[in-house]
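Undergrad: First to last, the sequence lines map onto chains H and Y.
Just so you know, we're using the working numbering here: the first sequence kicks off at 688 and counts up by one.
Just so you know, we're using the working numbering here: the second sequence kicks off at 31 and counts up by one.
Because the hints were derived from the structure by calculation, they are not lab data.
Heads up, some of the hints might be wrong.
Simulated coverage check for chain Y against chain H, where a stretch passes if three residues somewhere in it have a Cβ under 8 Å from a Cβ of chain H [to be verified]:
hint, region
1, 80–86
2, 137–145
Listed below are several chain H residues computed to face chain Y (Cβ distance under 10 Å; list not exhaustive) [stated by the list, open to error]:
hint, residue
3, Gly703
4, Pro731
5, Ala771
6, Ser795
Glycine included, C-beta positions come from ideal geometry on N, C-alpha and C.
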Amino acid sequence: EDQVTQSPEALRLQEGESSSLNCSYTVSGLRGLFWYRQDPGKGPEFLFTLYSAGEEKEKERLKATLTKKESFLHITAPKPEDSATYLCAVLSSGTGGSYIPTFGRGTSLIVHP
Amino acid sequence: GAVVSQHPSRVICKSGTSVKIECRSLDFQATTMFWYRQFPKQSLMLMATSNEGSKATYEQGVEKDKFLINHASLTLSTLTVTSAHPEDSSFYICSATKAGGTDTQYFGPGTRLTVL
Numbered sequence: 688e689d690q691v692t693q694s695p696e697a698l699r700l701q702e703g704e705s706s707s708l709n710c711s712y713t714v715s716g717l718r719g720l721f722w723y724r725q726d727p728g729k730g731p732e733f734l735f736t737l738y739s740a741g742e743e744k745e746k747e748r749l750k751a752t753l754t755k756k757e758s759f760l761h762i763t764a765p766k767p768e769d770s771a772t773y774l775c776a777v778l779s780s781g782t783g784g785s786y787i788p789t790f791g792r793g794t795s796l797i798v799h800p
Numbered sequence: 031g032a033v034v035s036q037h038p039s040r041v042i043c044k045s046g047t048s049v050k051i052e053c054r055s056l057d058f059q060a061t062t063m064f065w066y067r068q069f070p071k072q073s074l075m076l077m078a079t080s081n082e083g084s085k086a087t088y089e090q091g092v093e094k095d096k097f098l099i100n101h102a103s104l105t106l107s108t109l110t111v112t113s114a115h116p117e118d119s120s121f122y123i124c125s126a127t128k129a130g131g132t133d134t135q136y137f138g139p140g141t142r143l144t145v146l
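Next comes chain H alone, as it looks inside the complex (with noise of 0.2 Å):
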């Protein structure tokens, strides 16, 4: 059974201080590894698709990098506006083919001026 596990749960930066966000999984090959954010009320919004070890993507503030087990969401001098849930999730290829991603319980960042 696939299993993605992200930590911390929740997280304080103040402005301008750089962190990390981890998602740590266990799949039985990997098709994909996704970052979303999802502000309170709304739905996630995609950020990322890694499919990889070794590929990073970058965005802005962000930067997502993948191994063979965890993934990292960096996120460099954050601002108040990028306070949301990080979402992580996984699609194996061990699933006969299933389409259907396993979801991470999210990491809560709230980023004070």
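Start from chain H and add chain Y according to the hints.
TA: The following block gives chain Y in isolation, referenced to the frame of chain H:
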């Protein structure tokens, strides 16, 4: 882009009535659409997966007669909550994957359902 809309964004109804929620992919054709439910401060719970023109596949524990899903076209799926009760109050979110694209799911803005 990959924009998904939901309507309505909020709905309040009386117990026993039915509520329909629409999910549309605005700028792409969707191979598959998904319906999720989310409780406060919890992650997404997949309810069902639907493909255009075929019956939806429901997750274990989700009543298919209560949560009716119709995927009428490559850009529209609807979720009808029949005979709604207060315990059905929740945040419902749909998502879609692009036809001919990757497995990335693009989410709608969600619908807040409150059953009185």
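Undergrad: Each hint needs a verdict: does it hold in this structure or not?
TA: Results of checking the hints against the structure:
1. Chain H is given as covering the region 80–86 of chain Y, and this is violated because 0 residues of the stretch bring a CB closer than 8 Å to a CB of that chain, at least three being needed.
2. Only when three residues or more bring their CB closer than 8 Å to a CB of chain H does the claim for the region 137–145 of chain Y stand; here the count is 5, and the claim holds.
3. With a least beta-carbon distance of about 27 Å to chain Y, the hint placing Gly703 (chain H) at the interface is violated under the 10 Å criterion.
4. Because the beta carbon of Pro731 (chain H) sits about 5 Å from the nearest beta carbon in chain Y, less than 10 Å, this interface hint is met.
5. The interface hint given for Ala771 (chain H) is violated, since its Cβ lies 13 Å from the closest Cβ of chain Y, which is over the 10 Å cut-off.
6. Of the supplied interface hints, the one on Ser795 (chain H) holds, with its beta-carbon coming within about 8 Å of a beta-carbon of chain Y, less than 10 Å.
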